[in-house]
Every structure is written in C-alpha cells, then in structure tokens.
Amino acid sequence: MSLPDYSGFKEIKVQLDSGVLVVTIDRATKRNTFIDALGADLKNVFEFADKDERVRVVILTAEDTAPAYCSGADISGGWSGLFAKDDDEEGELAHRDGGGQVSMVIYNCRKITIAAVNGHAAGVGVTALQLPFDLRFVWAGAKQSLPFIRRGIAPEAGSTYLLPRLIGHSRANSLLLTGGTYLPNSPLLENLYHEILPTREEVFPKALALAKELAVHASPKSVRYTKGLLQHGGESIEESHLLDSRAIRILAASPDAAEGAKSFFERRPPQFESKPSKDSWYPWWRSVDVKYRKTKL
Amino acid sequence: MSLPDYSGFKEIKVQLDSGVLVVTIDRATKRNTFIDALGADLKNVFEFADKDERVRVVILTAEDTAPAYCSGADISGGWSGLFAKDDDEEGELAHRDGGGQVSMVIYNCRKITIAAVNGHAAGVGVTALQLPFDLRFVWAGAKQSLPFIRRGIAPEAGSTYLLPRLIGHSRANSLLLTGGTYLPNSPLLENLYHEILPTREEVFPKALALAKELAVHASPKSVRYTKGLLQHGGESIEESHLLDSRAIRILAASPDAAEGAKSFFERRPPQFESKPSKDSWYPWWRSVDVKYRKTKL
Amino acid sequence: MSLPDYSGFKEIKVQLDSGVLVVTIDRATKRNTFIDALGADLKNVFEFADKDERVRVVILTAEDTAPAYCSGADISGGWSGLFAKDDDEEGELAHRDGGGQVSMVIYNCRKITIAAVNGHAAGVGVTALQLPFDLRFVWAGAKQSLPFIRRGIAPEAGSTYLLPRLIGHSRANSLLLTGGTYLPNSPLLENLYHEILPTREEVFPKALALAKELAVHASPKSVRYTKGLLQHGGESIEESHLLDSRAIRILAASPDAAEGAKSFFERRPPQFESKPSKDSWYPWWRSVDVKYRKTKL
Chain A
1 MSLPDYSGFK
11 EIKVQLDSGV
21 LVVTIDRATK
31 RNTFIDALGA
41 DLKNVFEFAD
51 KDERVRVVIL
61 TAEDTAPAYC
71 SGADISGGWS
81 GLFAKDDDEE
91 GELAHRDGGG
101 QVSMVIYNCR
111 KITIAAVNGH
121 AAGVGVTALQ
131 LPFDLRFVWA
141 GAKQSLPFIR
151 RGIAPEAGST
161 YLLPRLIGHS
171 RANSLLLTGG
181 TYLPNSPLLE
191 NLYHEILPTR
201 EEVFPKALAL
211 AKELAVHASP
221 KSVRYTKGLL
231 QHGGESIEES
241 HLLDSRAIRI
251 LAASPDAAEG
261 AKSFFERRPP
271 QFESKPSKDS
281 WYPWWRSVDV
291 KYRKTKL
Chain B
1 MSLPDYSGFK
11 EIKVQLDSGV
21 LVVTIDRATK
31 RNTFIDALGA
41 DLKNVFEFAD
51 KDERVRVVIL
61 TAEDTAPAYC
71 SGADISGGWS
81 GLFAKDDDEE
91 GELAHRDGGG
101 QVSMVIYNCR
111 KITIAAVNGH
121 AAGVGVTALQ
131 LPFDLRFVWA
141 GAKQSLPFIR
151 RGIAPEAGST
161 YLLPRLIGHS
171 RANSLLLTGG
181 TYLPNSPLLE
191 NLYHEILPTR
201 EEVFPKALAL
211 AKELAVHASP
221 KSVRYTKGLL
231 QHGGESIEES
241 HLLDSRAIRI
251 LAASPDAAEG
261 AKSFFERRPP
271 QFESKPSKDS
281 WYPWWRSVDV
291 KYRKTKL
Chain C
1 MSLPDYSGFK
11 EIKVQLDSGV
21 LVVTIDRATK
31 RNTFIDALGA
41 DLKNVFEFAD
51 KDERVRVVIL
61 TAEDTAPAYC
71 SGADISGGWS
81 GLFAKDDDEE
91 GELAHRDGGG
101 QVSMVIYNCR
111 KITIAAVNGH
121 AAGVGVTALQ
131 LPFDLRFVWA
141 GAKQSLPFIR
151 RGIAPEAGST
161 YLLPRLIGHS
171 RANSLLLTGG
181 TYLPNSPLLE
191 NLYHEILPTR
201 EEVFPKALAL
211 AKELAVHASP
221 KSVRYTKGLL
231 QHGGESIEES
241 HLLDSRAIRI
251 LAASPDAAEG
261 AKSFFERRPP
271 QFESKPSKDS
281 WYPWWRSVDV
291 KYRKTKL
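Protein chains in written order, with full-length UniProt numbering: chain A, 1 to 297; chain B, 1 to 297; chain C, 1 to 297.
The reader is advised that the hints may include incorrect statements.
As the list makes no split between identical chains, a pair holds if one copy fits it or if it spans any two.
[What the hints assert, rightly or not] Here are the simulated DSSO-like cross-link-like pairs (lysine-lysine), alpha carbons at most 30 Å apart as the crow flies:
| id | residue 1 | residue 2 |
| --- | --- | --- |
| 1 | K291 | K278 |
| 2 | K30 | K262 |
| 3 | K294 | K275 |
| 4 | K262 | K143 |
| 5 | K294 | K278 |
| 6 | K262 | K13 |
| 7 | K206 | K143 |
| 8 | K206 | K51 |
| 9 | K143 | K212 |
| 10 | K30 | K10 |
| 11 | K278 | K143 |
| 12 | K294 | K212 |
| 13 | K51 | K278 |
| 14 | K10 | K212 |
The set of hints was computed from the structure by calculation and includes no laboratory data.
Please build the complete structure, drawing on both the sequences and the hints.
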C-alpha cells in the first residue's frame, strides 16, 4: 500500500511521530464547532490510520488555547440546515448522521485511539469525539454537556449505544435525560475518563506519553485481537471461551508472543511486528453495511 | 382523550403542578409496605401519566416523616400469602409478579421519571420503586437492602435485568448475593443515584426543582426518543447508527428542534409541544405481551 | 452422591469448615504461578463444591506470606510451551484455553464464590482467578496487571466477556488496552472489588467472616436462582419479568421461603435446606458444550 498523505486536510492538523498520529482540531476561531468538512477530515484520517502500518496509536486533541475541545454542531442555521438536500428526496430513511459516521470509523479503527480532551465539549464534541475512543484523558475544568433533549433533537453518533456500555445505564440516563453540564470529576462522569488532569496544559502531554509508550510496548496484533474481543465478543462465557481460545492460540504461535516473552525476561522494550499478518480468522464478525441504497434513479 | 382523574387513589396521594406529577406513597402508618392495592394504584397512575399530555415529569416519593420510603412487601403472613389463589389453578406458569408489573409500567412510561428516596427501602422498595426510574435522588442516611437470598426467595420486579444494566454486574452481585444493608454512599451503591443528599428533607425539593426545570426545558418528543434509544437501541454501533440517524432526522424536522435552536440563541426558555405527534416509526421495537392466557375454561 | 475427597490435590490446600470450603493456592515457592496442574486442581475442586451439599460458599485465596496471590502463567518457556502437542494435530480450532476452563467452572458453580486476593496478581491471576467469582476481597497494596497486549497475546479466560460486564467497557478498555499495573483503589479498578482492605492479613478473615455468615443466612436455593437470573436473565424487562415471576413463584412455595419469613420474624438465624430439590424448571437456559470433537481417528 502506498503511504497516505496527511497534509491535505482543511479542518485538522496531523502529525506522525514515533508511531503516534496526532490529530488536532484546527477550528479554534470557530470554537472548534463540528461541520461536515471536519467530519470528512476525521473520517479520512482515521481510515488512513487504520491501514497505515506506521501508525500504532492515534490521538485526537485540540489546541489548549482554543475556546473549546469541540463545542458541538454549528446550529446557527437551525437543525434543519444541517441536513443535505439529497436526504430529502428519499425521506428520513436515507439520512446517515454525520457524527455517527465519524464515531464508527474511530470505533472500528484497529489501532489504539485516545481522546485528549483539553477543553469544553458539547453534543457531538462528547459523542463522536470522545465516546468511540479506547481511552479518554480530560482536563478537570472541561465542561461536558449532552443537551440533546433541551434542543428538541435526539442523541446521535451512536451515543445511546456507547455511553451505557462505557459507564452503565444509571449514569447514561443522568447525562442524557437531564441534558445538564457536568465537570469530569462529577460522579456521573468520572469513570468515563482514563485520567482527569488539573490543568488543560497537562492533558495532551500525558496522553502523548502513554501513546508513545504503547506504540513501543503494545503488540499491534494483540491490540487488534483485544479490541475485536471487547467489541465483538461472545454472548456467554462459553462463547467467549471459544473465541478467546482461538485468539490466544493464533497469537501464542505468532512472532509477537515469542518477542513478548523474550523481551520481558530480557527486561528490554519489545520489537513487535507492524505489518499485519494475513489471518484466516480475523475479523471473525460480520461487517455491517450501513450505506443507504437509493430507490430512485 | 379525556383527562385522567388523579383523585381516586387509596394508597397514594397525587398532585399535578406545572407539568410535574408528584406521587406520594400514603401508607406511613404501615411503614409504606408494598401491598397489592399500592401496586394497583402505582400501575394506574403511571399509565395515566404516560398518556396525559399535561404531565412531563413524574416523581415518586414518600412523606419524609414516614418510617420508610418503602419497607418492602408485607410478609407478616409469610410469602405464600402473597400469591392469589387463581395462580394456583394454573400452576407456577400463571404467576405474574406484582412488583414486576409496577416496574414495567414505570420503565415503559414515556415521561421522565424520578424516584425521590427520602427514607429507608427494602426489597420491592428498592427494586420496583427505584430501579425502573430514569433518575434517583436519595437521602444519605436511607438504608437500602435487597435481602432476597436471606428470606429464601428470588430477586423480583425485573431487578436482575435492571440492576446490572444500571451499575454493572460487580455491584449487582455484591448487593444481591450478600443481601446486606448498605447506605447510598457505599461504593457498592453510589452510582445508582443521580444525587445523594445529606438530609431527608432535601431529597424531594431537589428532585422537584430538577423536575420543574425539565418540564420546561426538555422536549417531550426528545425524551420519548432518547428513552427509546436507551432502552431499545441497536446491538452494535452500526445498528445504533441506523436507529439514531432516523431518530435525529425525524426530530430535526420537527417544530421542537426549531424551537430548541431558536430559544437557545435567544437565551430564553423553550416552548416545546406537548401534544405527541403521530410518528409512523415510533415505537420501532416490538411490544412484548406478558399476559398469561389461561388454559382452562 | 458419595462425598468428594478434598485431600488428593497437589497445587492447592482445601479445608471445609461450617459450610465454607477454603481453597488455598499452594505454590508459594513458585510465586503461585498458574500451571496445568493448578488448573486441573481448581477445576476439580469447584466441580466438587458445586455438587457437595455441605458446601455453601467457596473461598479461593493464597497464603498471605506468598510473593503473590497468583503471578500469572509460567512463561519461562515462552508462550508456545504452554500449548499441549495434541492441539497441534488438529490446528487452532482444537485449542481450549486452560484459564478459561477454570473460569467457566467457577462462574457456573451454584454456590457463592469469593476470591480473597491477599497478594499481587497478573494475567490469569486476575482473569480466571478473580473475574468469575461472585465477590472479590482485596488488599489495597495488591498490584493488579493485565499485560496481554504487552506480551503479544490475547486476553483469555473469558476476561473480555466478564470484565466489561462487571465494571463497564470504559474501565475494561483502560485495563486491557494499556496493559498497565494498577492498585485496587485506582478509579479504574475499585468497583471490581466488594471490599478493599489496608493490610494483606485482613483480606482472608474478612472474606471468611462474610462466607460463614452467608453459609447460614443465604438460602442455597435462592442463591442458585439469583445467580441463574443474573447470568441467564431476560433480554428485556418483559422477558426478565416472565423469568423472575416464575422463579419467585417456585421459591415462595418452597420450605426456604417459609423459613426465611419465620426466622426473620422470630429474629433468629434461618435453617435453610441444603439438599437441592428437583426443580422441573431450573436450569432454564441451554447448556453450551465447548468440548472439541476431533476430526481424525
């Protein structure tokens, strides 16, 4: 595969360093609002990262001087302004939520994904730009808000799937059915985050330090299988046993397992393979095609 | 629809004020024990609330001078005394748990539901009268107990479904398999509650203040869809995307979304529609009929 | 049934006292590493406990002077050394993970199971030897580590099923996708534990005290049904209602329910039946056979 070009984006800045792809939302003058062009950039960059062997960890962040990490959708034109005309021809069934498109690409990315939330976030800035990530770092002062019921719309971007899975229905109810604004240390939010940091400035460096460590110490193949098992695991302990038995058997016979044990005993950083080997079994789950097929010519 | 009459109840007091229906358990002299008549009143009042356009939020509470919020079933006659004779003719298959009947009506109510737990609670006082609600406020001194295994019976009222979903299996196990008594600030319980208050007297006013705010600021249609997505969401992020794309498309085209955006920019309270519009799509899930059909004439 | 003999084990010590079966890992000189022989002993002892009417609660623990509760698999021979030759003849499909075999037996045990984690734990020492238990007590100083991605293998022993169910996907991601080492009081771990104790020496006595209390105060039949409902409950509140209605009807008519109510009013310890009655309905779920059937003679 030819290497992707990370320079052509409009709404984000992208940098690849030591296996870590850093994606920075670049709309500070617009309070980092979510617009279609930002969604398109994010979809593309996470699709690139998914396939680029050089990338082992992806971080999404904002400038820590920006007014917000992401202040949600730009609804200055009202909600209906957010929907493309071509949906209308086919009716409501044709619509595919833009935040959800981004959520799915991030959630399905086979690399470790980290959101470094160094500012306030609302709406899609919480749902698509935080919930589908593997890990979330946050500034303790970053206000988080899911105000959908207060704006007359529905929670989007897969949030009613992701949020209860991440922190349970009790807190998901509290967040989505009050539509209130909460700080990360609130008992309603805290377990959403891997780490809560006292200042904005600490958020990205902390996330980057973990990312760089994992870029060396985490086997890309193990990450792929672990995410697969967490996202597409069995529906009983027995089904899970059948899946993880097969996964561990495949991995234990791989060079990464040998290197994992060897480097551990030699007390040195491992050198894991980056090139995805062709597995006959992975992915073991069915892909779901969510594309709308037009009925009209 | 003719307006329901909230005056004919025996075991509860009911008051409708500014869109908030306040239901108070009125059995203080009996420690607010759960009896069939209380169950019937609760089923009726939540069914009324579900359909009454004037009601936007329902609160269940007790008098804060009562010996308990609800001290569970009245088992002075033993457990077998709790089962109606007509079950016996058809055997165990015919039985429908009374607490569960209440749980289902509360859980399926399309309005925001809040339990204001201003006293101790045990058994069905925790299961049916707390778990199916969207939000729970509680007094820090209110002892909570799920003693089923210590009384030789099974946890009821959908609690083995609701409790793990709300706070995870680790804590559900701890609560149900020790049968112990815990205070709301216990790590085993705390995330069950939206807010824990130091005194009994603060519980109801706090719940009422949020209820009144949500009665104005939460779009009834948004609430209906959000609860639908949380309770009957997709089983993968892709399924969730298909559901919430359709939901947000329908809502974004509704008057509530226009008013939600407009009132936000005008910095004034929104005026949302109360009348449920006829949606061709909602509810999108299958209703389950749990009624027993007798085999004998 | 003839009583099982608890004296023939090699890697564990077993003691039955007042309804509590105490299983102590007896490999302190080997840092309590997990080897096939330990797995076999654990499978056997939990299978015995499941069927032995005298056993009401099982505790797994280690000597509190041991270097670890369980320091994981012994990988001094590399990962591939852990796989028996006979897997190889049939390929990866034939493999059944040893940790998972133990997890399933513990998870499916119909008695209350408690892990008393009085030392450090890593890998299978967390997954198989903690996650399938009903309750976990732990020493605050016991380091917990799930380093699979750092060793080039996959998380095993049903951990990708059990961990998210117990504490949610947010923390399961943090633990499994960083592969880091955490103390029990970390927000990433704390809700995994029923109780966290300041010293190693307090862990087992605390677990034993609860075990002895539950051996008297918890109806074995209630425990069986409660665990069944938690593990194999309905997939909606309606399905759950149908299951728990039937369960409570069966139990309410049982001698244990009568004794549960009677002893409660007489303020004395209950005397529950130990002999499992033949229930026509329990277990109501399908058993899953995970055994591999060889294709070759």
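**OP:** Since the copies are identical, ignore which copy is meant and state whether K291 and K278 lie within 30 Å (CA to CA) inside a copy, between copies, both or neither.
**Re:** Both ways: K291 and K278 sit 27 Å apart in one copy and 27 Å across, limit 30 Å.
**OP:** Using 30 Å as the alpha carbon limit, work out where K10 and K212 are close: within a copy, between copies, both or neither.
**Re:** Within one copy only: 26 Å inside a chain, 44 Å across chains, cut-off 30 Å.
**OP:** At 30 Å max between alpha carbons, let me know whether K294 reaches K212 within a copy, between copies, both or neither.
**Re:** neither (44 Å within a copy, 45 Å between copies)
Subject >> Status of K275 relative to K294 across identical chains (alpha carbons, at most 30 Å) >> reply: neither (38 Å within a copy, 33 Å between copies)
**OP:** First find the shortest C-alpha distance between K143 and K212 inside one copy, then the shortest across copies, and answer within, between, both or neither for a cut-off of 30 Å.
**Re:** So K143 and K212 pass the 30 Å test inside a copy (27 Å) and across (23 Å) alike.
Subject >> Within, between, both or neither, where K278 and K143 count as close if Cα-Cα is 30 Å or less >> reply: Cα proximity of K278 and K143: none, with 44 Å in one copy and 36 Å across.
Subject >> Intra- versus inter-subunit Cα pairing at 30 Å for K206 with K143 >> reply: both (19 Å within a copy, 22 Å between copies)
Original post:
Between K262 and K13, at a C-alpha cutoff of 30 Å, which is it: within one copy, between copies, both, or neither?
Top reply: So K262 and K13 fail the 30 Å test inside a copy (38 Å) and across (33 Å) alike.
Original post:
Is it within, between, both or neither when you check K262 against K143 at 30 Å Cα-Cα?
Top reply: So K262 and K143 pass the 30 Å test across copies only (22 Å; inside, 45 Å).
Original post:
Quick one: K206 to K51, C-alpha cut-off 30 Å, is that within a copy, between copies, both, or neither?
Top reply: Answer is within: at 25 Å inside a copy they meet the 30 Å cutoff, but 51 Å across does not.
Subject >> Intra/inter-copy verdict for K51 and K278 if alpha-carbon distance must be at most 30 Å >> reply: Classified as within; 13 Å inside a copy, 46 Å across copies.
Original post:
How would you classify K30 and K10 at a CA-CA limit of 30 Å: within, between, both, or neither?
Top reply: Close inside one copy (13 Å), not across copies (58 Å); limit 30 Å.
Against the hints set out earlier in the document, violations occur for numbers 3, 6, 11 and 12.
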